[in-house]
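Visitor: With our numbering, letter number 29 in the sequence shown gets 31, and the count goes up by one each step, no holes.
Don't take each hint at face value.
As the list claims (entries may be wrong) - PhoX-like mimics (lysine-lysine), calculated; alpha carbons at most 20 Å apart, straight line:
id: 1; residue 1: K133; residue 2: K7
id: 2; residue 1: K133; residue 2: K45
id: 3; residue 1: K136; residue 2: K7
id: 4; residue 1: K136; residue 2: K45
Said to hold, decoys possible - Beta-carbon label-pair distances, calculated as ranges:
id: 5; residue 1: G69; residue 2: K45; range: 41 to 47 Å
id: 6; residue 1: N43; residue 2: G119; range: 25 to 31 Å
id: 7; residue 1: F116; residue 2: N43; range: 18 to 24 Å
id: 8; residue 1: K45; residue 2: D73; range: 38 to 44 Å
id: 9; residue 1: E20; residue 2: I96; range: 18 to 24 Å
id: 10; residue 1: Q129; residue 2: E93; range: 17 to 23 Å
id: 11; residue 1: N59; residue 2: Q22; range: 21 to 27 Å
id: 12; residue 1: L114; residue 2: A17; range: 21 to 27 Å
id: 13; residue 1: A51; residue 2: E20; range: 40 to 46 Å
id: 14; residue 1: S4; residue 2: G122; range: 30 to 36 Å
id: 15; residue 1: E89; residue 2: G122; range: 29 to 35 Å
Just so you know, these hints were derived from the structure itself, not from any lab.
Note that the coordinates shown come from a computational prediction; the quantities given were computed from them, not determined experimentally.
Note that beta-carbon positions come from the ideal geometry of N, C-alpha and C, so glycine has one too.
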Amino acid sequence: MSILKSLQEYLEQFAGMELQTIMTDGTGNEPRSYALAPSGNSKTITDIAGNRTYINNYVFYAKEYVGSEADRQDNYEFLDDFFEWIEDNNENEIFPQIIGYQVEEISATNVLLFDVGEDGKGTYQIQIQLKLQKG
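Produce the entire structure from the sequences given, and follow the hints as far as they go.
Guide: Printed below as a string of structure tokens:
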């Protein structure tokens, strides 16, 4: 299973996730949808034993209605809770299980409204970073 698919399945465990499917790269046309897109990776270290450490970056997208103040507040409540869940899991070392890798850290940054469409739906994003080691 790919790193991306493993991360999608991990994120789908968040109890506040109303939909249990996170798409790849882009959200769908449904009233509410989620997606995860890779946004770059790099090898940062190769230690003396040959273990390689990588930093993989992703963007989580959530498409939600933004027409009313109540909608926008609800959206940020979901995103704040999701962000906090990722951070709590990192603190407690509850990481995605990725075959062939050892996840060392998962973090989230930049909760923001990314775009608003003419259909009254907004796309929010959270940037997610994985630090993992392959040995």
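Visitor: Does K7 lie within 20 Å of K136 when you go C-alpha to C-alpha?
Guide: Distance ~17 Å between K136 and K7 Cα, so the pair holds.
Visitor: Range first: 38 to 44 Å. Now tell me if the beta carbons of K45 and D73 are that far apart.
Guide: With a Cβ separation near 42 Å, K45 and D73 satisfy 38 to 44 Å, so the hint holds.
Visitor: Just tell me: holds or violated, for the beta carbon distance of F116 and N43 against 18 to 24 Å?
Guide: Holds, at about 21 Å.
Visitor: If you check the beta carbons of G69 and K45, does the distance land in 41 to 47 Å?
Guide: 44 Å, holds
Visitor: Would you check the hint for K133 and K7, treating anything up to 20 Å between C-alpha atoms as holding?
Guide: With a Cα-Cα distance of about 16 Å, the restraint between K133 and K7 holds, given a limit of 20 Å.
Visitor: Given a hint of 25 to 31 Å, does the C-beta separation of N43 and G119 actually sit inside it?
Guide: With Cβ atoms ~29 Å apart, the hint holds.
Visitor: Should the hint that E20 and I96 are 18 to 24 Å apart at their CB atoms be regarded as holding?
Guide: Given about 21 Å between the Cβ atoms, the range holds.
Visitor: Looking only at beta-carbon atoms, does the pair N59, Q22 fall within the given range of 21 to 27 Å?
Guide: Hint holds: Cβ distance 24 Å, inside 21 to 27 Å.
Visitor: Cβ-Cβ distance between Q129 and E93: within 17 to 23 Å?
Guide: 18 Å, holds
Visitor: Please work out if K133 and K45 have their alpha carbons no farther apart than 20 Å.
Guide: With Cα atoms ~10 Å apart, K133 and K45 stay inside 20 Å; holds.
Visitor: May I ask you to test the hint 21 to 27 Å on the CB atoms belonging to L114 and A17?
Guide: 23 Å, holds
Visitor: Taking the Cβ atom of S4 and the Cβ atom of G122, is their distance within the range 30 to 36 Å?
Guide: Holds: the Cβ-Cβ distance is about 34 Å, inside 30 to 36 Å.
Hint check: no violations occur; every hint is consistent with the structure.
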